[in-house]
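Enquirer: If you want the building blocks of each chain, they are given just below.
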Amino acid sequence: MAGKGVITPPRDRADLVERLKETQRRYGHVPEEAIAELAESLAIPVHEVYGVASFYSFLSLKPLGRNVIRVCKSLPCYLKSAEVIMKAVEKELGIVPGETTADGRFSFELINCIGLCDHAPAMLINHDAHVDLTPQKIKQILKSYE
Amino acid sequence: MEKKIKLTINGKEVSARPDMTILEVAKENGIDIPTLCYIPDLSPIGACRLCVVEVEGSRTLVGSCHTPVAEGMVIQTHSPKVIATRRVLVELMLASHPDACLVCDKANICELRRIAADLEVGLPRFRARKHYYPVEDEHPRMVRDMSKCVQCWRCVIACKGESGTPLFGTAYRGFDSKVIYGFDQPLGSQACDDCDACVEICPSGAIRKVRKAGEERANKALFIKG
Amino acid sequence: MPQPRVVLKNCDVIDPKRIDSYLENGGFKALAKARREMTPEQITGEIKDSGLRGRGGAGFPCGIKWEGARTASGDAKYVICNADEGEVGTFKDRYILEKDPFTLIEGILIAGHAIGAKQGYIYLRVEYHYLLDHLQNALNQVKQKGYLNGFSLEIREGAGAYICGEESALMDSIEGKRGEARYRPPFPTTSGLWGKPTIINNVETLMNIPPIIMNGADWFSQMGTERSKGTKVFSVSGDVDKPGVYEMVLGSPLRELVEELAMAKNIKLVQIGGATGRILPGDKLDTPLAFEAMLGAGAVTVYDQSRDVIDIIHRTMEFLVEESCGKCTPCRQGTEVMVEVLAKFHRSEGSLRELRNLEALSSAMMLSSLCGLGQAAPNAVMDSLQYFRDEYEKRVAK
Ligand SMILES: Cc1cc2nc3c(=O)[nH]c(=O)nc-3n(C[C@H](O)[C@H](O)[C@H](O)COP(=O)(O)O)c2cc1C
Ligand code: SF4
Ligand code: SF4
Ligand code: FES
Ligand code: FES
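Residue numbers (this note's numbering), protein chains in the order written: chain A, 115 to 260; chain B, 425 to 650; chain C, 1335 to 1732.
Note that these hints are calculated values from the structure, not bench results. A portion of the hints provided could be inaccurate.
Lysine to any residue pairs mimicking SDA-like chemistry, simulated, CA-CA at most 20 Å apart [unchecked claim]: (1) A/K135 to C/E1626; (2) B/K602 to C/Q1470; (3) C/K1511 to B/E495; (4) A/K176 to B/K602; (5) B/K602 to C/K1511; (6) A/K176 to C/G1494; (7) B/K427 to B/E495; (8) B/K505 to B/P522; (9) C/K1433 to A/A128; (10) C/K1452 to A/A128.
Quick list of simulated restraints, FRET-style, between CB atoms [stated by the list, open to error]: (11) B/R551 to C/R1339: 50 to 56 Å; (12) C/D1645 to A/N240: 38 to 44 Å; (13) B/F607 to C/R1339: 48 to 54 Å; (14) A/P177 to B/D542: 54 to 60 Å; (15) A/E136 to C/D1383: 44 to 50 Å; (16) B/T432 to C/A1694: 25 to 31 Å; (17) B/N453 to C/R1681: 36 to 42 Å; (18) C/S1486 to A/H241: 51 to 57 Å; (19) C/F1394 to A/E136: 49 to 55 Å; (20) C/R1561 to B/E624: 48 to 54 Å; (21) C/R1681 to A/S258: 51 to 57 Å.
From the structure, some residues in chain A lie toward chain C, with a derived Cβ separation under 10 Å [what the hints assert, rightly or not]: (22) T122; (23) P124; (24) L130; (25) Y141; (26) P145; (27) E154; (28) L189; (29) C231; (30) H233; (31) A243; (32) Q250.
Glycine included, C-beta positions come from ideal geometry on N, C-alpha and C.
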């Protein structure tokens, strides 16, 4: 990460989660330097910021790929064969949940219900919703992410 | 003079100031409610749940350390339901606690063991994964072993730190929650001065003093049933 | 019986991208009526009389909540719309936000007027980020037309945590903190966001406000049962031919929803209210959908005869252990113990002793957990033990 001053300074404490998300968007994760910077500008201990960053599942302390695939694993999707979708992603990318492709293009995660159960199985790639998935669709969908 | 309210604890009518908590009123009346996360004079945390009591009309038990009394409240502090619940809570803490009491430096003064003994908890009925964290022993006066932490968060609120920066915070969530220092890093040799507040306040062996060879243990050994 | 549309009346009727389309369909008449013709006291009174109860899961009477915040003293007060919708199998708020954001905003503005708040927040789960621009667009149009009238309404987005749907954790999250539950009292109506009087309501609850103000409490309370007035929007998923969102009068039989509307067959069990909800076996489909029986936020997931109960309960508990905030002992430790025990039964390595212990554990979690997550976490376990105990016994290690 480039030096200090790259994160938009938070207006106040209530702005912290938003700034952490911005950091995540820009750098693919929340690096320690960003945590230190945010802590300093809010005049709070670094463990406070670290505590927030480690709490939310859309924030990551470890580097993620350029695109993050989150396949829903909750029951309504599971009933509609979400596991077949997971296998299809695994096969397509050669990685299992929790991993990132060597070229940094994709990270693959599993996620709890994303509120698309009427179109199960479902997944998010970054913030795009993909629904009524079939293994055939996966290849096509993944192609559209650089 | 401030107005007093009347309430009933364990069948006995007592009076109290309306700004008191159930725990404070119980204490004033000689009733001992076990607590773990509570530190007198600091704002309550409400995390351990050991202090729960029965309040008539309430669907659940209520935490006595943070619930203010109210006019006409009818409270049971040691009903079978309350005792059974407290036992489960202690068993849950022990369920993921390392079986290392025999070699624990704090065994003789461990509050967790005393509470377990008071509630006649022997071997816990529940088992859960244990946390394996490396022991942090760089600091000259204290050792932190987070595998033994019961997450009472006392150290989090007790430590004011030098220059007003508390040393510890909470991180992650759920079963993975952990009390951390900095970026979840080991407590360094320079981490703090030697106020010992956290050492004294930690109810388990998670934060303890470095014991010098030959130094006597603070208290007599404690015998535990079980 | 055709079901009336109260909450969903504008869905697929108006164009959710254009405020004019909403105005042509009677939009903002209720707000005008509330602001011009009614005092805050009259509004909270009307809501109380209507019998409207919260649609976010707990079913707390809406009018009583508002009354508490209205009469609370404070220089600043807040209205929060809970659009965190994290309960497994719930998607009706998503549907509403997509199809009719204007009624929601109107409801929030009426709430603000009723309790004397000048500021409000919509807390949107980050999983619905694709709705953010859409919602912001609706909000901008409302602003342009001058309906905010000095009220400031802001959309806040979560960052991925089911517990942030719990009201106290949600407020901590808006404050930029970890979403951990707070003990109560004090209740949000006297000490909520930044310690100020706050009301927090589910999306669907607020959708009911404009029609109640327009048509009156009596009109609303004619619908439903003794203690469950009005309609409810259900999210139906799982083993059904027609998953989706259905609005029904409260008190309607579960059978009508799952068999007639969603076209389920061969039902083994229905999970109502998601992971923290209840379980009903297939022979209890005549149970009314009402607060008197079980409701939650209206998630209805259907499982047919091919499904394994232990698998369902185990997965339900896996959700809860991942989503527990971790603050209090019974929930943080108890959900983990439960997952481990259920995993053993899943592998047919359970024991009767563990079943007994599970019951003691459930009771302690329900009684002592700090918030609704831990208190309700054992529901599915207990219900399945009541109705499907044999399936557990079959999985006891030989
Ligand atoms: C673990 C947990 C999760 C919750 N999630 C939501 C949610 O996603 N949306 C919601 O409206 N209410 C949720 N609630 C209920 C809220 O705490 C609160 O009761 C509700 O927002 C109040 O609004 P209402 O009275 O209009 O229902 C949740 C409660 C708990 C205990
Ligand atoms: S380290 Fe000790 S005082 Fe701190 S939370 Fe853990 S058990 Fe409590
Ligand atoms: S019940 Fe669970 S989610 Fe609620 S405060 Fe306790 S640990 Fe957190
Ligand atoms: S279960 Fe997958 S979206 Fe709800
Ligand atoms: S002592 Fe009251 S909750 Fe811990």
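Enquirer: Give a verdict on every hint.
Expert: Against the structure, the hints:
1. A/K135 to C/E1626: violated, 41 Å
2. B/K602 to C/Q1470: Given pair B/K602, C/Q1470 is violated - Cα atoms ~37 Å apart, limit 20 Å.
3. C/K1511 to B/E495: Roughly 35 Å between the alpha carbons, so the hint for C/K1511 and B/E495 is violated.
4. A/K176 to B/K602: Roughly 18 Å between the alpha carbons, so the hint for A/K176 and B/K602 holds.
5. B/K602 to C/K1511: holds, 16 Å
6. A/K176 to C/G1494: holds, 16 Å
7. B/K427 to B/E495: holds, 11 Å
8. B/K505 to B/P522: violated, 28 Å
9. C/K1433 to A/A128: Measuring from Cα to Cα gives roughly 30 Å; hence the hint is violated.
10. C/K1452 to A/A128: holds, 18 Å
11. B/R551 to C/R1339: 50 to 56 Å: holds, 52 Å
12. C/D1645 to A/N240: 38 to 44 Å: violated, 31 Å
13. B/F607 to C/R1339: 48 to 54 Å: holds, 53 Å
14. A/P177 to B/D542: 54 to 60 Å: violated, 49 Å
15. A/E136 to C/D1383: 44 to 50 Å: holds, 46 Å
16. B/T432 to C/A1694: 25 to 31 Å: holds, 28 Å
17. B/N453 to C/R1681: 36 to 42 Å: violated, 51 Å
18. C/S1486 to A/H241: 51 to 57 Å: violated, 26 Å
19. C/F1394 to A/E136: 49 to 55 Å: violated, 35 Å
20. C/R1561 to B/E624: 48 to 54 Å: Holds: the Cβ-Cβ distance is about 52 Å, inside 48 to 54 Å.
21. C/R1681 to A/S258: 51 to 57 Å: Violated: the Cβ-Cβ distance is about 40 Å, outside 51 to 57 Å.
22. T122: Hint violated; A/T122 Cβ to chain C Cβ min 14 Å, cut 10 Å.
23. P124: Because about 8 Å separates A/P124 from the closest Cβ in chain C, which is inside the 10 Å limit, the hint holds.
24. L130: holds, 4 Å
25. Y141: violated, 15 Å
26. P145: Violated. Min distance 17 Å.
27. E154: violated, 15 Å
28. L189: Holds. Min distance 6 Å.
29. C231: holds, 4 Å
30. H233: holds, 8 Å
31. A243: holds, 6 Å
32. Q250: violated, 21 Å
The structure fails hints 1, 2, 3, 8, 9, 12, 14, 17, 18, 19, 21, 22, 25, 26, 27 and 32 (numbered hints given earlier, in ascending order).
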